[in-house]
Every structure is written in C-alpha cells, then in structure tokens.
Amino acid sequence: MIRLERVTKMYKTSTRPALDRVSVSIDKGEFVFLIGPSGSGKSTFLRLLLREDVPTRGSIFVADLDVAKLPRRRVPRLRQRIGCVFQDFRLLPNKTVGANVAFALEVIGKSGPTIRKVVPEVLQLVGLEGKADRMPHELSGGEQQRVAIARAFVNRPLVLLADEPTGNLDPDISQDIMLLLERINRTGTTVLMATHDHSIVDSMRRRVVELDLGQVVRDESRGVYGVGR
Amino acid sequence: MRSDFVTREVLTGLRRNVTMTVAMVLTTAISLGLVGTGLLAVRTIDATESIYSDRLEVQVALTQDVSAADHDCTQPICTGLKATLENSPLVASVRFESQQQAYERFQELFAGQSIAEIARPQSLPATLRVKLADQNAGAEAVRQAMADQVGVRTVIDQRDVVGKLFDFLAGVRNVTFTLALVQAVAALLLISNTVQVSAYTRRAEVGVMRLVGATRWYTQLPFLIEAVVTGVVGAVLASIGLISAKFLFIDDLLAGIAQNGVIPPIGLLDVVQTSFYLLPIGALIAGITGYVTLRLYVKV
Numbered sequence: 001m002i003r004l005e006r007v008t009k010m011y012k013t014s015t016r017p018a019l020d021r022v023s024v025s026i027d028k029g030e031f032v033f034l035i036g037p038s039g040s041g042k043s044t045f046l047r048l049l050l051r052e053d054v055p056t057r058g059s060i061f062v063a064d065l066d067v068a069k070l071p072r073r074r075v076p077r078l079r080q081r082i083g084c085v086f087q088d089f090r091l092l093p094n095k096t097v098g099a100n101v102a103f104a105l106e107v108i109g110k111s112g113p114t115i116r117k118v119v120p121e122v123l124q125l126v127g128l129e130g131k132a133d134r135m136p137h138e139l140s141g142g143e144q145q146r147v148a149i150a151r152a153f154v155n156r157p158l159v160l161l162a163d164e165p166t167g168n169l170d171p172d173i174s175q176d177i178m179l180l181l182e183r184i185n186r187t188g189t190t191v192l193m194a195t196h197d198h199s200i201v202d203s204m205r206r207r208v209v210e211l212d213l214g215q216v217v218r219d220e221s222r223g224v225y226g227v228g229r
Numbered sequence: 001m002r003s004d005f006v007t008r009e010v011l012t013g014l015r016r017n018v019t020m021t022v023a024m025v026l027t028t029a030i031s032l033g034l035v036g037t038g039l040l041a042v043r044t045i046d047a048t049e050s051i052y053s054d055r056l057e058v059q060v061a062l063t064q065d066v067s068a069a070d071h072d073c074t075q076p077i078c079t080g081l082k083a084t085l086e087n088s089p090l091v092a093s094v095r096f097e098s099q100q101q102a103y104e105r106f107q108e109l110f111a112g113q114s115i116a117e118i119a120r121p122q123s124l125p126a127t128l129r130v131k132l133a134d135q136n137a138g139a140e141a142v143r144q145a146m147a148d149q150v151g152v153r154t155v156i157d158q159r160d161v162v163g164k165l166f167d168f169l170a171g172v173r174n175v176t177f178t179l180a181l182v183q184a185v186a187a188l189l190l191i192s193n194t195v196q197v198s199a200y201t202r203r204a205e206v207g208v209m210r211l212v213g214a215t216r217w218y219t220q221l222p223f224l225i226e227a228v229v230t231g232v233v234g235a236v237l238a239s240i241g242l243i244s245a246k247f248l249f250i251d252d253l254l255a256g257i258a259q260n261g262v263i264p265p266i267g268l269l270d271v272v273q274t275s276f277y278l279l280p281i282g283a284l285i286a287g288i289t290g291y292v293t294l295r296l297y298v299k300v
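Chains as they are written, first to last, in full-length UniProt numbering: chain A, 1 to 229; chain B, 1 to 300.
Keep in mind that the hints were calculated from the coordinates and are not lab data.
The model shown is predicted, which means the values in this text are computed figures rather than measured ones.
Incorrect hints may appear among the rest.
Heads up, simulated SDA-like pairs for lysine to any residue below, C-alpha to C-alpha not over 25 angstroms straight-line [claimed, not checked]:
1. A:K95 to B:K82
2. B:K82 to B:Q135
3. A:K95 to B:T19
With these hints in hand, go ahead and build the complete structure from the sequences.
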C-alpha cells in the first residue's frame with residue numbers, strides 16, 4: 001500500500017538530508033507507528049507521502065500511484081485516497097461538526113444525497129451521533145479530534161495518516177482515540193501514525209518504524225517505543 | 001462541480017471583505033467608465049472625421065494673372081496644373097472655380113456683412129478644388145506637387161482649419177485614456193490585493209481542501225469568480241454612469257455644436273454599445289488578474 005525505495009530528501013537550508021536512503025514497505029491493512037525524536041524526519045516522511053513535497057532521490061508508491069512522478073493535476077487523486085489527522089485538529093471554526101465533515105466531500109464534488117447519507121454514518125462511527133449541529137469550540141479536545149478523524153475517514157481512504165493525533169490530549173482521551181483508530185484499521189484502512197507517545201506504542205504492540213537523523217534505525221513487527229528514549 | 005458550493009463560497013468571500021469589495025467595485029467602475037468615455041471620444045472623432053473627409057478639399061489658389069486671364073481653365077497653365085493633379089492616384093477629383101464663381105460663393109457666405117460689399121471678383125483667386133482619394137497622404141502630396149509651379153499662389157488645406165477641433169477631441173480622448181490607465185492600474189492592484197486577502201482569510205478552508213484532494217478548480221474557482229463578479233458589477237456601474245452622464249451633461253454640453261452639424265451627436269445607442277463592451281472587458285481583466293495573483297502569490 002505504501003512503499004518507499006531508497007528515498008532521500010535534501011532541503012536547501014540544511015547540509016544533512018532530512019531523509020537518508022529510507023526504504024519502507026507497508027502492506028494493506030497494517031497499523032504502523034512512525035517514531036523518532038524531533039527532527040528525525042517523521043514530518044518529512046508524511047509530507048512526501050502526501051506529495052506536499054517531492055523526494056530528491058528515490059521513489060514512493062502510495063495505493064499504486066508513483067507519488068514523486070505524479071503530475072500536478074493528479075495530486076488531488078492521490079490525496080483523495082489518503083485521510084489525514086493532525087495534532088491541532090484543523091477544524092473549520094465557523095462550521096458545525098456536520099458541516100466540517102460534509103465540507104471534505106463537497107469540495108471533491110460528491111452529491112448532496114450522498115453527503116446527507118454518509119456524514120451521519122461516519123459521525124456515528126466516531127461516537128459523535130447527535131452532535132452534528134454543534135460548533136467545534138463547544139466540544140472537548142477529544143471530541144474535536146474525533147470530528148477530524150471523521151472528516152479524514154468519511155471518503156473511505158485507503159490510508160490514514162495521523163501526525164501526533166494524541167499530542168494535545170490527556171492519556172485517557174488518547175486511549176479512546178487509539179481505540180477509534182484501531183476500529184478504522186479493522187475496516188481494512190492502512191494506518192500510519194507518527195507519535196512521541198511511549199505508553200500508546202508500548203500498549204498497542206504494533207509494527208514500529210523508528211527514524212533517527214533521517215535514517216530507519218529500527219523496523220519491528222510488534223515493537224515498543226524503546227528503552228531509555 | 002457543485003454550483004451551490006461555489007456560490008456559497010463566493011458570497012461568503014464577498015461578504016467577509018465587504019469594505020475591500022466595495023473599494024474594488026468602485027475603482028473598477030471608475031476605470032471602466034473612463035475607458036468607456038475614451039471609446040466614445042474615439043467613436044465621435046471617427047464619425048466627425050468621416051463627416052469632414054467627404055466635404056473637405058485642398059484648394060490650390062492660382063496667381064492673380066492666371067486667375068484674371070483664364071475663366072474656364074482652358075489655357076495651358078491651368079490645364080497643366082489640373083492634369084498634374086488628376087494624374088495623381090491620391091486625388092479623387094479636381095474642380096475648377098473661377099474668380100466669378102468664387103465671388104458668388106463669397107457673396108453667399110458673407111451675405112449682409114460689409115465685407116461682401118467691398119469684395120470684387122478680381123480680388124479673389126481662381127482655385128482648383130481638389131477632393132482627395134487618400135485622406136492621410138493626399139494633402140501633403142498635392143502641396144508638394146503644386147509648390148513652386150508657375151501659376152500657383154498658395155495651397156490651402158481645409159483640414160488645417162478644422163484641425164483645432166480634431167486636436168480638441170483627440171485631447172479629450174488622450175486624457176480620458178490616460179486617466180483610465182492610471183485607474184486601471186489601481187483597480188488591478190486592488191483586485192490582486194483583495195484576492196490575496198480573500199485567500200488569506202480562507203487559508204484554513206483552502207488548507208483542508210488541498211488536504212482532502214479538492215482539485216485546483218475547486219480551490220481557485222471561488223476566488224476567481226469573486227474577482228470576476230466585482231469586475232462585472234464595476235462594469236454595470238460604469239455603464240449606468242455613462243448613460244446618466246449622457247443625459248445629465250454630455251447632451252447639454254454638445255447641444256450647440258451637435259445641432260449645427262459640427263460634430264455628430266452621441267446617441268443612446270452608441271453609449272449602450274460602448275457599455276456592452278465594458279462588461280467583457282471588466283470580467284476578463286478581473287479574471288486574468290485574479291488568476292495571475294493566485295498563480296504567483298497564493299498557494300492554493
């Protein structure tokens with residue numbers, strides 16, 4: 001589902017590559033943690049998958065699309081296959097919960113009837129049934145992240161990228177969010193989550209890919225965050 | 001493409017920057033109004049020129065002795081000059097006017113004035129009156145061909161006489177076009193600025209749109225339509241302005257000279273036609289400015 005082949009990314013402002021000959025392969029339906037200290041290349045990794053940037057060398061495949069060689073006009077097609085969740089939720093503050101989720105479908109041209117059908121479904125999936133008419137600021141952090149997950153998942157993407165999704169949340173709430181991500185993973189969606197959260201990685205015992213100074217230093221199928229880190 | 005979505009985004013955008021939108025509309029309107037005025041001036045100049053080019057002649061005045069001796073252009077000097085003129089491809093026709101005919105016309109022109117009584121046929125020259133085939137190069141060619149010829153006293157181009165009127169009209173045109181240009185620059189900058197502000201205030205939406213895989217058309221179209229709507233509204237205001245100006249000032253201003261047939265009047269149809277050009281001009285300029293701004297300054 002996701003394959004990186006000797007991917008190197010150099011930024012003009014730095015002499016050291018942000019990613020250095022990284023090769024990773026993630027199958028359909030896998031749940032993978034991407035860990036490593038700040039500046040290890042996690043964000044660059046995710047940006048390259050989304051084609052926010054192109055690699056200096058190497059190739060990237062996401063859902064059978066050759067990401068680095070994708071022409072600009074086909075980038076939207078790639079992004080429609082990838083859902084994204086961030087630490088800061090990125091909800092639109094002037095739209096209701098329902099409108100936030102619906103917006104993601106409207107802007108890719110889905111029809112009104114489709115939207116009216118799937119938005120309540122996905123809100124129920126993330127446990128927010130009955131809150132479609134609330135504004136984001138009326139919700140707790142955990143609930144806001146659920147809205148963000150609903151928005152990322154409503155178009156049934158093949159891949160869900162989560163960049164520190166629990167970074168702003170209490171441990172209990174974080175646990176709920178992880179359960180939700182697991183549930184989404186069980187529908188067959190590949191989940192790739194960048195995180196600093198030791199306890200979550202340790203308790204989930206899923207595949208762990210660790211980056212350090214832009215290189216893959218560990219890739220374990222049922223890993224923990226690591227001793228002494 | 002979902003039109004309800006685009007419509008909603010456009011309306012939100014226009015409402016959100018309402019002061020900016022109003023400034024943009026007004027500047028566009030003034031600039032297009034000036035363009036319209038310029039176009040009307042050009043139209044009037046063209047119409048005036050065509051009125052006069054039919055009537056205006058170049059007069060080749062003959063010397064006193066030739067004028068007195070030859071009453072029907074049958075003697076060698078006059079026939080020679082006439083033949084020279086008629087052989088030029090720039091000349092349409094040549095007509096001889098004798099001293100007597102000139103005198104009669106003079107009496108007619110100045111009837112009732114004391115100068116008519118003083119004039120005698122002998123004091124007026126016989127002339128070869130030349131209608132030009134080529135209005136631009138013809139006069140100068142005649143002047144050169146006739147200069148220093150035996151029997152020619154002077155060459156008078158009637159266009160020199162009405163030249164002042166054309167200079168005035170051309171001046172009006174140049175001033176309005178210059179003002180229109182300056183205003184247009186201001187309008188372009190305002191449109192560009194408004195598109196940038198609009199994109200900035202909606203950066204969260206645009207960010208989400210990019211993320212969920214909206215195509216460039218979806219992300220950019222609302223901004224473009226916003227710009228085009230302002231351009232069109234500006235053009236409509238400019239048209240209304242032009243039509244009101246016709247009835248409020250221009251008609252009064254031109255009433256005297258237009259009635260005498262010195263210049264043709266500006267008809268309602270002319271103004272409406274000109275206004276009709278302003279719409280696509282406004283829409284196109286605003287649209288292109290918006291598009292270029294989005295490409296250059298805004299990551300959407």
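Legend entry - Agreement of K82 (chain B) and Q135 (chain B) with the hint, judged by alpha carbon distance not exceeding 25 angstroms: 19 angstroms, holds
Legend entry - 25 angstroms Cα cutoff - pair K95 (chain A), T19 (chain B): Judged against 25 angstroms, a Cα distance of about 23 angstroms means the pair holds.
Legend entry - Given pair status - K82 (chain B), K95 (chain A), alpha carbons within 25 angstroms: The hint is violated at about 88 angstroms.
Of the numbered hints stated above, the single one contradicted by the structure is hint 1.
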